[in-house]
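**Q** As a plain string of letters, each chain reads:
Protein chains: 4
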Amino acid sequence: MNFSKKQLAHIVFESNDRASRTFDAVVLIMILGSVSVVILDSVSELHLKFGNTFYFLEWVFTILFTIEYALRIWLTTKTFRYATSFYGIVDLLAILPGYLGIFVANTHLLTVVRALRLLRVIRVLKLGRYISEADFIKGALKASAAKIQIFLFSVLTIVLIMGTLMFIIEGPEAGFTSIPVAMYWGIVTLTTVGFGDITPQTPLGQFIASLIMLLGYAIIAVPTGIVTSEMSKRSQTKIIENTRSCTFCGKDGIEPEDNYCKNCGEKFG
Amino acid sequence: MNFSKKQLAHIVFESNDRASRTFDAVVLIMILGSVSVVILDSVSELHLKFGNTFYFLEWVFTILFTIEYALRIWLTTKTFRYATSFYGIVDLLAILPGYLGIFVANTHLLTVVRALRLLRVIRVLKLGRYISEADFIKGALKASAAKIQIFLFSVLTIVLIMGTLMFIIEGPEAGFTSIPVAMYWGIVTLTTVGFGDITPQTPLGQFIASLIMLLGYAIIAVPTGIVTSEMSKRSQTKIIENTRSCTFCGKDGIEPEDNYCKNCGEKFG
Amino acid sequence: MNFSKKQLAHIVFESNDRASRTFDAVVLIMILGSVSVVILDSVSELHLKFGNTFYFLEWVFTILFTIEYALRIWLTTKTFRYATSFYGIVDLLAILPGYLGIFVANTHLLTVVRALRLLRVIRVLKLGRYISEADFIKGALKASAAKIQIFLFSVLTIVLIMGTLMFIIEGPEAGFTSIPVAMYWGIVTLTTVGFGDITPQTPLGQFIASLIMLLGYAIIAVPTGIVTSEMSKRSQTKIIENTRSCTFCGKDGIEPEDNYCKNCGEKFG
Amino acid sequence: MNFSKKQLAHIVFESNDRASRTFDAVVLIMILGSVSVVILDSVSELHLKFGNTFYFLEWVFTILFTIEYALRIWLTTKTFRYATSFYGIVDLLAILPGYLGIFVANTHLLTVVRALRLLRVIRVLKLGRYISEADFIKGALKASAAKIQIFLFSVLTIVLIMGTLMFIIEGPEAGFTSIPVAMYWGIVTLTTVGFGDITPQTPLGQFIASLIMLLGYAIIAVPTGIVTSEMSKRSQTKIIENTRSCTFCGKDGIEPEDNYCKNCGEKFG
Chain U
0 MNFSKKQLAH IVFESNDRAS RTFDAVVLIM ILGSVSVVIL DSVSELHLKF GNTFYFLEWV
60 FTILFTIEYA LRIWLTTKTF RYATSFYGIV DLLAILPGYL GIFVANTHLL TVVRALRLLR
120 VIRVLKLGRY ISEADFIKGA LKASAAKIQI FLFSVLTIVL IMGTLMFIIE GPEAGFTSIP
180 VAMYWGIVTL TTVGFGDITP QTPLGQFIAS LIMLLGYAII AVPTGIVTSE MSKRSQTKII
240 ENTRSCTFCG KDGIEPEDNY CKNCGEKFG
Chain X
0 MNFSKKQLAH IVFESNDRAS RTFDAVVLIM ILGSVSVVIL DSVSELHLKF GNTFYFLEWV
60 FTILFTIEYA LRIWLTTKTF RYATSFYGIV DLLAILPGYL GIFVANTHLL TVVRALRLLR
120 VIRVLKLGRY ISEADFIKGA LKASAAKIQI FLFSVLTIVL IMGTLMFIIE GPEAGFTSIP
180 VAMYWGIVTL TTVGFGDITP QTPLGQFIAS LIMLLGYAII AVPTGIVTSE MSKRSQTKII
240 ENTRSCTFCG KDGIEPEDNY CKNCGEKFG
Chain G
0 MNFSKKQLAH IVFESNDRAS RTFDAVVLIM ILGSVSVVIL DSVSELHLKF GNTFYFLEWV
60 FTILFTIEYA LRIWLTTKTF RYATSFYGIV DLLAILPGYL GIFVANTHLL TVVRALRLLR
120 VIRVLKLGRY ISEADFIKGA LKASAAKIQI FLFSVLTIVL IMGTLMFIIE GPEAGFTSIP
180 VAMYWGIVTL TTVGFGDITP QTPLGQFIAS LIMLLGYAII AVPTGIVTSE MSKRSQTKII
240 ENTRSCTFCG KDGIEPEDNY CKNCGEKFG
Chain S
0 MNFSKKQLAH IVFESNDRAS RTFDAVVLIM ILGSVSVVIL DSVSELHLKF GNTFYFLEWV
60 FTILFTIEYA LRIWLTTKTF RYATSFYGIV DLLAILPGYL GIFVANTHLL TVVRALRLLR
120 VIRVLKLGRY ISEADFIKGA LKASAAKIQI FLFSVLTIVL IMGTLMFIIE GPEAGFTSIP
180 VAMYWGIVTL TTVGFGDITP QTPLGQFIAS LIMLLGYAII AVPTGIVTSE MSKRSQTKII
240 ENTRSCTFCG KDGIEPEDNY CKNCGEKFG
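If you're matching them up, the sequences are chains U, X, G and S in order.
Numbering (numbering that gives the first Met the number 0) for the first sequence: 0 to 268.
Numbering (numbering that gives the first Met the number 0) for the second sequence: 0 to 268.
Numbering (numbering that gives the first Met the number 0) for the third sequence: 0 to 268.
Numbering (numbering that gives the first Met the number 0) for the fourth sequence: 0 to 268.
Honestly, the hints are just simulated from the structure, not real lab data.
Check before you lean on any hint, since a few could be wrong.
[Stated by the list, open to error] As a list, the in silico DSS-like pairs of lysine-lysine whose alpha-carbon atoms are at most 30 Å apart: (1) Lys48/S to Lys141/S; (2) Lys266/X to Lys232/U; (3) Lys232/X to Lys4/S; (4) Lys77/S to Lys232/U; (5) Lys137/S to Lys232/U; (6) Lys137/S to Lys141/G; (7) Lys77/U to Lys4/U; (8) Lys48/S to Lys137/S; (9) Lys137/U to Lys232/U; (10) Lys137/X to Lys232/X; (11) Lys137/X to Lys232/U; (12) Lys5/S to Lys232/G.
[Unchecked claim] Not everything, but these chain G residues come out facing chain X in the computed CB check (under 10 Å): (13) Trp58; (14) Thr61; (15) Thr65; (16) Ala69; (17) Leu159; (18) Ile178; (19) Gly195; (20) Thr223.
Virtual Cβ for every residue (Gly too), placed ideally from N, Cα, C.
I would like the entire structure built from these sequences, with the hints used as guidance.
**A** This is the structure:
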């Protein structure tokens with residue numbers, strides 16, 4: 000198999016034909032394999048038994064990712080723009096921990112960076128029908144962002160005031176040792192997670208906790224309402240949009256029953 | 000009561016007249032009875048007291064289900080297609096554990112297979128008004144499948160990265176013994192289940208846990224939004240799709256029960 | 000104050016003028032008072048201190064409710080229909096426990112019946128703007144009933160199969176002592192309640208628990224979607240319904256732009 | 000920098016130019032700083048180390064807030080109306096605890112009042128695009144208020160009856176020491192928080208708990224449905240309401256940016 004540089008670039012960066020799909024599949028397996036090694040190596044029993052194998056595999060993946068990264072740097076026409084892009088940095092993070100492991104003693108932080116390799120899957124998945132669906136979700140969340148920020152700010156204000164109240168009412172004996180801890184408990188309660196590591200013991204504390212829970216139960220409707228109404232609007236807009244463009248001025252959004260272009264006044268057949 | 004093979008097939012496989020409805024009712028009672036026996040037999044006090052009765056009843060149900068299965072095999076015109084269909088396999092699974100119990104020592108796995116008998120209820124319930132309602136739910140979920148896959152993949156990426164972080168910050172002392180365990184905790188927290196068997200102890204761990212909880216509380220809006228907007232679209236389309244046009248003036252939006260065209264006054268058949 | 004029987008009946012059963020609103024307010028205070036006594040009497044410290052006062056108050060409320068019940072029986076024109084109606088039975092349940100307490104030793108069950116007095120509040124609240132709002136919620140839930148039944152049946156099937164699996168995988172050591180207990184745990188987990196009294200200990204158990212949690216997190220979208228799409232449809236229908244009735248045949252739902260009645264063909268101005 | 004009283008009032012109360020935005024930014028930093036001091040001072044280790052610094056900072060913030068409050072009182076044209084308004088009271092609460100701390104021994108209550116300073120952030124955030132978004136959320140919640148009140152009342156009725164039942168079934172051994180405690184447990188369970196500090200131990204108790212959980216899981220759909228359908232209606236109405244009719248042929252649904260009538264081709268100004 001002999002490829003020109005242009006053909007190789009096509010395989011590595013685009014993904015419509017067979018060769019590039021095969022390349023993507025290999026990269027996908029490498030990513031999942033390397034992440035699995037990180038996960039399994041963290042289990043102490045497995046680390047004791049297969050620690051050396053994991054170490055060897057880690058180097059194999061690091062070298063393979065290095066070759067891939069070098070390939071991308073060489074093939075791209077805009078080296079600097081690729082290297083500083085989100086994908087370029089994620090690709091670099093995939094190989095750095097391997098080499099840093101030689102110099103750095105604290106391998107803990109490197110473990111997190113290694114887990115970040117999973118982010119690379121996003122590029123490979125950027126295929127076919129998933130793009131439009133992911134864009135739909137992203138678009139709805141972006142359009143709801145301002146509303147959700149207000150909601151989160153309100154939640155944090157409630158959590159601070161309720162947390163301070165509970166800190167004073169329950170005190171350290173019940174586990175509410177400080178306002179930050181009481182706020183942590185407030186978030187645990189308001190979001191209906193409810194670990195149970197800290198629980199109110201006094202009747203007054205239980206009463207206020209009940210109020211927080213009912214509040215949390217009711218206001219979960221707010222983010223849901225925001226995102227759902229946004230998504231409903233979007234998916235309905237899509238239906239209406241079997242519109243066409245004006246043949247004269249190119250204005251889009253012309254509905255089938257329109258007689259004249261609403262932009263340039265052109266008369267339609 | 001003497002039935003021809005064709006009449007019997009009608010009773011066993013279809014369900015519009017009285018005889019087949021009676022047959023379905025008997026099968027339904029058998030299914031619920033046999034599943035109840037499995038459930039009650041698992042309670043050790045009841046097993047000690049009524050173990051023999053349960054064993055006897057299990058054989059009764061196995062024989063009854065065997066007769067039913069034989070009947071279906073005999074009556075169907077497409078034996079192979081039935082035997083390899085979803086319902087055919089579920090029907091076979093209903094009788095296998097009884098006979099396998101003679102040969103197999105590990106009766107634990109058989110218990111699960113026995114519980115699968117409940118799936119047989121689906122066939123019996125495939126009646127009347129429930130079909131269209133179930134199809135409505137299934138349809139909405141199928142149409143949302145791609146979006147939900149993306150959502151679940153995003154959730155797993157978050158869980159992996161957050162789990163790795165918590166494994167490093169909290170460590171084995173707080174119960175985060177490995178990345179898989181930390182990911183399990185991450186799912187427990189993100190889904191707002193919050194068992195409380197593993198909880199963060201350090202301020203930094205509690206801070207990151209708070210972020211995960213708020214995230215989980217906010218992104219529950221996403222699947223809800225996806226399914227709701229899909230269902231809203233469907234239930235609105237249904238209403239609109241039920242109308243026809245006037246045969247005289249072409250006015251649309253005529254509802255089935257209208258006697259006259261609301262636009263031109265034309266009388267309908 | 001001298002009232003005729005008809006005037007009294009008006010005060011007791013209807014509620015548009017001042018006198019009947021005063022009557023309703025008195026009954027509301029009696030209900031809340033008697034329920035508060037039941038609640039406070041259950042706190043052992045308060046029972047020790049104020050037990051006699053509570054006992055006395057209980058008798059006061061019983062006698063007052065008896066007078067009210069007698070009044071209703073006497074005033075209603077359809078005594079039997081009232082006595083067997085939902086409200087009639089709730090009214091009777093409000094006075095029975097007091098008298099039964101003399102004969103019955105087990106006062107525990109009577110406590111529950113006493114708490115049922117709160118249901119009487121519903122009648123009193125059946126006023127003003129709340130009726131249409133409550134009807135809106137009830138209507139949406141009724142229309143969603145078939146879909147929610149299917150949903151609950153699916154949830155129970157999942158809980159049975161997952162519960163059986165967890166009972167076999169985790170066993171009695173982790174608290175999964177029987178299939179019913181494992182199903183209880185399954186419901187606790189699927190509904191994201193997560194008490195944490197029973198938690199999986201083995202890696203396989205934790206993996207299956209994670210699946211149940213993600214499932215529960217995702218399928219909460221289903222009832223929400225059902226109810227929301229139903230409510231959206233209803234609240235939108237309301238807007239459209241600024242329609243009028245045909246002046247000839249009385250058919251309602253005539254839209255402003257209709258030229259002819261869609262029922263009788265009458266021509267509109 | 001010399002400002003007239005009018006210019007100062009403009010800077011303090013309005014916020015369109017640079018000077019007033021700088022003033023708002025300074026106030027925002029002061030608020031967040033003073034709240035941070037309250038939070039950090041509650042952590043006993045930090046209190047031991049930096050207690051004096053926190054005490055000093057508290058006085059700095061109190062004096063700065065006092066100057067700001069005096070400025071507002073002096074600058075406003077309607078002194079009484081400002082002093083009794085929501086913002087006026089919050090501004091006063093921001094300075095009171097500092098001075099009260101000299102006379103009052105119980106500094107606990109003052110801590111809560113100090114945390115209330117965060118409410119002052121609302122005024123500063125009352126800027127730009129957030130206003131309309133916050134109004135959207137507030138509007139939707141206000142319109143849903145009656146429905147949510149009915150919902151909360153139903154939840155409390157369920158909690159009272161279920162709590163009484165569980166108090167009788169489980170009793171004090173399982174932690175259900177009184178009806179109020181059992182109601183607290185009922186709210187913890189119905190809202191899917193699930194602390195796990197109190198859990199049912201008997202099969203019957205676990206069965207009823209399962210019912211409560213399934214109920215809670217299903218009825219969370221109600222507030223979500225109410226708020227979502229309200230928000231959907233609002234965000235759709237917004238779109239529709241932005242259009243006008245053609246002045247020539249009367250065709251409606253003309254969007255503001257259209258140059259020609261899409262029905263008759265009439266040119267718009």
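**Q** So which of the earlier hints does this model not fit?
**A** 1, 2, 3, 4, 8, 12, 13, 14, 15 and 16
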